[in-house]
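Asker: Letter by letter, the chains look like this.
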Amino acid sequence: MIKTLQDKLKNKEISSRELAEEYFRNIEKYDPTLQAFMTVTPERGFETAEEIDKAGVYEGVSGIPMALKDNISVKDIRLTASSRMLEEYISPYDATVVKRLKGGLLMGKTNLDAFAFGASTENSGYMVTKNPWNTKKVAGGSSGGSAAAVASGMAVFALGTDTGGSIRQPAGFCGVVGLKPTYGRSSRYGLAAMGSSLDCPGPITTSVEDAAIVLQLISGVDPMDATSVDIQVPDFRVFESIKGKKAGLPKEFFDPSLVEGLDAGVKEQVLATVKRLQKLGVEIVEVSMPYSVFALPVYYIITPSEISANMTRYDGIRYGHTTLHPEDLLDLYKTSRASFEDEVKRRIFVGNYALSSGYYDAYYNKAMQVRTLIIEEMHKTFEKVDFIVGPTSPTPAFGIGENTDNPVSMYLEDIYTVTANIAGVPAISIPCGLSDGLPVGFQIIAKQFDEKTILDVSFALEQDIAFAKSYTLDLTKL
Amino acid sequence: MKIRPIIGLEIHVQLKTKSKMFCGCSAQYFGAEPNTHMCPVCLALPGALPRANKKALENAIKVGIALHCRINNFSKFDRKNYMYPDLFKGYQITQYEIPICEEGYVDLKRGDGSALRVGIIRAHQEEDTAKSIHEDGYTLVDGNKAGVPLLEIVSAPDMTSVEDATLFAEYVYTTLRFIGVSDCDMEKGQMRFDVNVNVEIEQDEKDGRTEKIATPIVEIKNLNSFRSMQRALAYEISRQQEEYEKTGIAFGKGNKTTRGWSDDKGHTYLLRSKEEAEDYRYFPDPDLPPVVFSDEEIEQLKNEIGKLPHEIQQEYISLGLNADTALYMTSARSLFAYFEIGRKIYNKEKNLANWMKGDLAFAISQRGLDVKDIQKILPVDQLVGLLQQIDSGVISHTAGKEVLADMLDTHESAESIISKKGLAQVGDSDEMKVIVEKVIGMNESAVINYKAGKSGALMFLVGQVMKEMKGKGNPAVITSLIESILQ
Amino acid sequence: MKLTRTELKHLEGLSRIAIDASKEEEYFKKLSTIVDYISVLSKVDTEGIKPTSQVTNLEKGLRDDEVTPSMSQEDVLKNSKHTWKGYFKIPKVIE
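Residue numbers (my numbering), protein chains in the order written: chain A, 1 to 478; chain B, 1 to 487; chain C, 1 to 95.
Note that these hints are calculated values from the structure, not bench results.
These figures come from a predicted structure and were not determined experimentally.
Positions of the beta carbon are idealized from the N, C-alpha and C atoms, including for glycine.
Heads up, some of the hints might be wrong.
Unchecked claim - Under the rule of at most 16 Å between Cα atoms (straight-line distance), these lysine to aspartate or glutamate pairs were calculated in the EDC-like manner:
id, chain 1, residue 1, chain 2, residue 2
1, C, Lys81, A, Glu87
2, A, Lys75, C, Asp65
3, B, Lys16, B, Glu152
4, A, Lys267, A, Asp255
5, B, Lys131, B, Asp86
6, B, Lys55, C, Glu74
7, C, Lys85, B, Glu135
8, C, Lys23, A, Glu88
9, B, Lys76, C, Glu59
10, C, Lys50, A, Glu327
11, C, Lys23, A, Asp405
12, C, Lys89, B, Glu152
13, B, Lys16, C, Glu66
14, C, Lys50, A, Glu376
15, B, Lys54, C, Asp64
16, C, Lys30, A, Asp405
17, C, Lys78, A, Glu88
18, C, Lys92, A, Glu327
19, C, Lys50, B, Glu97
Said to hold, decoys possible - Partial selection, computed: residues in chain B whose CB lies under 7 Å from chain C:
id, residue
20, Lys18
21, Asn35
22, Arg51
23, Lys55
24, Met83
25, Pro85
26, Leu87
27, Ala115
28, Leu116
29, Tyr138
30, Pro290
This is chain A alone, in the form it adopts within the complex (with noise of 0.2 Å):
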């Protein structure tokens, strides 16, 4: 979409105006149901087409509508998080990834889980971002609200942040598509940390084209960031044949035992991906991948553990929520800190749990061995195969409220996406059908920095699936 609507801009038959004026028009139809947006910019929005207008140089994502989660800093933009404690924060500086998106139009920034911790946007302070498919069920998390917008026409194209699968669940279940690059390809510098050894930004479109024009922009070394990689970044968005190629398809991933509750349409769907491919002349083979089981509960170590340490910044007395006649010190901090929502506070106890001593060895330390495990094992099935697939999420997008009293069964949730985050390897959902209704997100997983083939892949099914011919969006409903 991106491509096409640059070059109406560039043939003038249309304005950037006229774009962000219709993308906001769809805001104030869908939002006040889909509750997608925690802050609406049209302020910022109509000033950038005006720029770009004037201009008249339409490159990259100049002129086209986009939506950034609520993590990631806009200067002079509030930065909620989606939590309490950020409610009147507003960012001095902007991040890396919203730099290189420069002439885009900021629609506004997206409701998210709290700070990221969760999958559905339930854990978020505000509201309960809608599933465009049915609003009833949850938008995923915790890029929910990136996905929702980009699903619903609020905005062409969005960015989230994948932790442990949170671009590629929401993307999943709202029909689009989520991609997370190889931890290091893109800059976190600017985006409220979460698992500082994980966390990468990422494109939700509704195109592997879109996705790939939004990779090249954002990709590639930042000297804020010492933990962005000096690699040479491909041209992403030329596509090539995938014939002949090798797709793993992991055995653990459809073992009763190991995954309970993978969903029978989710299943039937994604084996039926797996025929297309082999169609398009790729070799199916098996693979088995035992380790990646413990790649839940490493991740339910690693990030907690990190999630704590990257909390304690927020006392209320730079910024935050905070009481304005603190008794002491200690009511000071724990007055502001109150403000954290559930599973927030949940999360930093975890994390202080496994860290503290008498427990390091036993849960951080071990968490980072099994790490260890995982990462060659990815290694070493990558020596067999160019690529592994299988089912985003065990479920399509699941009700609201029906998951927010276990904490471990919201948790199961994540278990196909977090292994690419633990071993640091890139991954996408692309839609590729329904289930009950709702969509079906597969997923395709490669080595680290080989986003080409992930994108060549993608590319390759999306045409075969045609998903956007095949199944429509009834907005009207919203």
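Position chains B and C relative to chain A; hints supplied.
Answerer: Same frame as chain A, now just chains B and C:
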């Protein structure tokens, strides 16, 4: 009863860099308005990330080399987690598991000549905290200092007296200033001490046995001058003896306490007991890659250091300089460099050194200038020119001081000033002979005393001649003239 | 159940977060579930395995010692409700 204090020192040094440890804010914050040296990183805003300062790490390696440490090619950063208003991130980035420098030592000589080797357990890189100003009922916080590169040097508990601790601290102070990694200006907070001290008490029992006990270890934090350190140590050593006598509590696992020192009140006071000790939950910082320096890079840094102060001092003492003067020469790199050039063109090292430490140093400080600019203030070849004029008798030492002052103010050479002001001493001349004979004639009693062997008489006569010649007479020449006339 | 109530109290202190009395039981239950879940890792044999704290195998990433512009004092204090004459002002910290 024998008392043996056991002392270990932790020295925190701010490393001299242009920017902070993990961001590009200027590290030269002294005197700046509060909170004007801040960025998202050191302010700890959501989304900010650290990037390690290469120069700070190179300085840390230089310190390690100077303290005979093993430099770890591979070291890493860890997070030390605790919440405190002066620690904006809620964790300090430090090196817990693998520090950059380890297992070194320092050799010292006590006043009584005995040798003392103090082990260096480790020296690791970390960042400084923000500044807290405690007022009545509230605390003000200024973030300018937050993130400034800090090196923590941890000694082994090898010191046994206040003198030992002072020697060690002075050694570190001189060496670090000399190699240029820090100015160690304690008034500006660039160097601070924490001391760990306990006392071993050996008592002779009634039944002939000897009982040895140790008191619990006390850490005294944040001593910001040599004097505070000395006073705090002395106080604490006697307090611990008294405490033991009163309570009988000996050293035991986990009963270390932390105390502060009050300069005004002259005593230490309890800060934290072990029950409140924070669990720092150290873990590797995921935002920073490991620090790697190759053997070649470390060798290069070693070459940049050159000779160390204690090596230079030893060399100078063997040249004939006294210990104080040798120490002076290493109190600033500029002085060492100046002296080294001077030595090459003038072979009376002791004289050169004495002039540098005495009259020149005085003249420089009188003018409010800094010895670090000594070569600009008075190029060493010009000083040597002056000394040569005095050596060859053209002017007296006293006149030389006057000439020196003029040289500093006018930047002219000694020769030029002497001739312009006509300061040249009169040598063996008819004019002098006339005056000498005149003085001899006027001071019969002194002549008689001289002939009788009274020592002061000759000097008196010389003085009288000098007076007549208005200080222009060369005393040596006058003396031998009088002697030859009165023979 | 691996987590104890004492440990939970200790965690509250470490985290500087107080749990509402009314929610305590819920927190204890949910946290216990999580702790039990992550304890499954003890089953994995990790003898001799090196821990990974960075997936990229990057080394160094050092920055040259150059000064970059700082924020204005106004911007630094803008988001704070505890300021006074350029400083952050908080209740007296008891040493």
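Asker: Run through the hints listed earlier and report the numbers of any the structure violates, in increasing order.
Answerer: 2, 6, 8, 10, 12, 26, 27 and 28
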